[in-house]
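Number of protein chains: 2
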Amino acid sequence: MKDLLIREVLARGQELEGKEVEACGWVHRIRDLGALRFLVLRDKSGTLQAVFKRGETPQEVLSRALELREESVVCVKGSLRRAPTREGYEISARDLRLLSAPVEPLPLEVPDSPKATLPTRLKYRWLDVRNPKVSAIFKLKGWIAGKFREHFSSLQFTEIFTPKIVATGTESGADVFPVLYFGKTVYLAQSPQFYKQMAVIAGLERVFEVGPVFRAEPHHTVRHLNEYHSLDIEVGFIESYNDVMDLVEGFFRRLAQDLHEVRELLEEHGAEPLQVPERVPRLTMRQAYEVLAEYGKRVQYGEDLDPEGERLLGSYARERYKSDLIFVTEYPWKVRPFYTMRKEEEPAWTYGFDLLMRGLEVVTGGQREHRYERLRQNLREKGLREEDFSFYLEFFKHGAPPHGGAGMGLERITMQMLGLQNIREARLLPRDTERVTP
Amino acid sequence: MKDLLIREVLARGQELEGKEVEACGWVHRIRDLGALRFLVLRDKSGTLQAVFKRGETPQEVLSRALELREESVVCVKGSLRRAPTREGYEISARDLRLLSAPVEPLPLEVPDSPKATLPTRLKYRWLDVRNPKVSAIFKLKGWIAGKFREHFSSLQFTEIFTPKIVATGTESGADVFPVLYFGKTVYLAQSPQFYKQMAVIAGLERVFEVGPVFRAEPHHTVRHLNEYHSLDIEVGFIESYNDVMDLVEGFFRRLAQDLHEVRELLEEHGAEPLQVPERVPRLTMRQAYEVLAEYGKRVQYGEDLDPEGERLLGSYARERYKSDLIFVTEYPWKVRPFYTMRKEEEPAWTYGFDLLMRGLEVVTGGQREHRYERLRQNLREKGLREEDFSFYLEFFKHGAPPHGGAGMGLERITMQMLGLQNIREARLLPRDTERVTP
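Note that the protein sequences, when read in sequence, are chains P and C.
All the letters of the first sequence, read from the start, carry residue numbers 11 to 448 under the numbering used here.
All the letters of the second sequence, read from the start, carry residue numbers 11 to 448 under the numbering used here.
Hints listed in this document are in silico derivations from the structure and should not be mistaken for laboratory results.
On a predicted model such as this, the values are computed, not experimentally measured, just so you know.
Note that beta-carbon positions come from the ideal geometry of N, C-alpha and C, so glycine has one too.
One thing to keep in mind: the hints can contain errors.
What the hints assert, rightly or not - Here are some of the chain C residues that sit facing chain P, going by a computed Cβ distance under 10 Å: (1) Arg41; (2) Phe48; (3) Leu76; (4) Arg92; (5) Arg140; (6) Ser163; (7) Pro173; (8) Ala226; (9) Tyr299; (10) Glu435; (11) Val446.
As the list claims (entries may be wrong) - When the alpha-carbon atoms are kept at most 27 Å apart in a straight line, the in silico DSSO-like pairs for lysine-lysine are as follows: (12) C:Lys194 <-> P:Lys133; (13) P:Lys149 <-> P:Lys133; (14) C:Lys194 <-> P:Lys194; (15) P:Lys157 <-> P:Lys87; (16) C:Lys149 <-> P:Lys407; (17) C:Lys87 <-> P:Lys407; (18) P:Lys157 <-> C:Lys125; (19) P:Lys125 <-> C:Lys407; (20) P:Lys194 <-> C:Lys133; (21) C:Lys133 <-> P:Lys407; (22) C:Lys407 <-> P:Lys149; (23) C:Lys143 <-> C:Lys125; (24) P:Lys332 <-> P:Lys307; (25) C:Lys407 <-> P:Lys87; (26) P:Lys407 <-> C:Lys143; (27) P:Lys149 <-> C:Lys87; (28) C:Lys125 <-> P:Lys407; (29) P:Lys149 <-> P:Lys125; (30) P:Lys143 <-> C:Lys29; (31) C:Lys133 <-> P:Lys157; (32) P:Lys133 <-> C:Lys407.
Here chain P stands alone, though its shape is the one from the complex:
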């Protein structure tokens, strides 16, 4: 493995100045000036110019440097010196190792890749992601997942690993992908819902999971994927679903507070820091209808929000509370799954919530029904058959604490953090109705 990434060389620039260093990476740009060749080297961490020049560089090395093409993989050795480059330093090249050269012309120019069409970018993703603006998306995504784990681990949550191969869909059996499994038909999990609840009931009490979820909805939108990663939490012994919202809010506050660690990634996209006020507004759905009415948008009483409604509530949160986040609470029973706990006094409404981030739903959560008989009743009222969910009902027969949780869309959070236009940009290799390769 490399001794030093380019960023590490630059960070130690003063100490290494005048000394021999080696930088390995891809040839990002080439500029020729007579017998001078400037290569901009790019690695995971940054860029650094290498200068090949008669008199400084041995003739044989210079000749080989002149044959290099963009996106070749090389190691350049030479002395580090100050230079009027963006990085403040350059390498005066003495030696060059060619590790790999393109065998075909590049179908996508790496420095211009963000300007290409999305289908082209996704087709040549291994070139597209070499662009620092694009790799910033995936570095940020990894950072968010890391913060999620760190945050909930510090609150005594245990990471769990639930099956993705399941016998029944989470909600109604629709919108699941069938899998042929040793002669049986089973399904891909739409969410870890049932099993994270089981883990709480099994005494793990506070659990989280980071894993893929699979949705067979034939969407053609910029905000849906058929496979994405969900950040899930589930927690027992809650007093109400406000406990769950407090946990979600605490995580987003942590993200906002620590965002300075990845400032450069946000800057690649000209993205603003996340505004999280002292208390994130919590609006019941019925209050949301009224707010939307003020914005000239009518939503049928008892119905879900559409994308425009979410956007308008985002504007409201920003204008009224200077907040990038807003909870919508007490979702209608009609649009929530059977395992949601309903309000005792108003059973048409539930202890289910969504969190909108800059006008897009990024989290769904709520308190779950933990009472066996109520759960059976919920199933019946949803027109579902008890026998299809019998394995799930079993979990509630032997002592189940009140509990709740949330599922957060990792790609959606990444998208909203950076202001991306299409959720596919936040997925290394998106799967949609048309796309299963590369």
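Go by the hints and put chain C onto chain P.
Coordinates of chain C only, in the frame set by chain P:
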């Protein structure tokens, strides 16, 4: 959410002594002594005795306490006092809230669950895991995954999230589960192999992933699962596969060093600390054949190790090097997948390795072939059709650094760490040829 877990109450025992505390959890054991009822409460973090006693406990509360059954979920309020219990404290109960009671007799006694048969335990997993010895497995597993991320993040690795829905199997197209995907047949990923390599080639350079992998092999062994979690790394700009082994070794050394953090989990299983010597032995496969011959075990030259061979090498490592770990290197080309780099001078052998932990393979890794023409040649020699892997070959056309990586079986590491007899014990909800529920 609870103010304090039981462990947190106990940790602050001195400060809280004589004060009112509340402990919530499951009723682990009940002991009656005349008009005295002792309840042992159990939560995620530990146990604590609550005493219900005439004179101390209000009559109405005492009556309700006398009706409680095991595995009811309760909150007990009362003053904390010193007691000759294992925990050193108990609660003198003043109040009791019943949150949930079993609606049916328990099919599995929680304190005795490890003694039940594995099929019974897996059938009633939400009861089985309530046993502290069993939950210790899953807490340790989550801890290992956390260490993995922490360790590789600190080395500038980026976490990636690759698709589990793929158009082609990783190796030969056999042993994959077919998925019906919008009218097409696709497959579940056997490993993130192709995509973690792509991420390296895409300039992310150092990547890791924690995710499910799916193997359609109809195994009936105690060391195979059809769905498990793999800890994957892949890294560019390596000099040789020794760099990869150094990284793997560094991770296991870190595990061993930090294992004191989870000492109590190991103690539940009477497990020994992990022995990792200053340098983990690295034995070529040909040397391994000779060692095995000394142990009276003949392996056909050029063949893979079988479970007995692995066990014997485990004994050898322990006896000769006081090591729980041993690398076997230079695996035969015949038993390695096409993407493995072969030894230049001896193409029947590869830069592929396994790591055995206490006599069981827990990691497989190696240097990958990054040279486009060599890769095509490898495919041909394996009798595979280039067109089936054309999307993968594309990655290597535009500058691919030398790279390598490893996949580590999370359940196998957990199993070996604790000395479990069956890998199913280390999976919350194992999937095998017979089992897709709960």
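Tell me the numbers of any earlier hints that the structure contravenes, in ascending order. 1, 2, 3, 4, 9, 10, 15, 18, 27, 30 and 31
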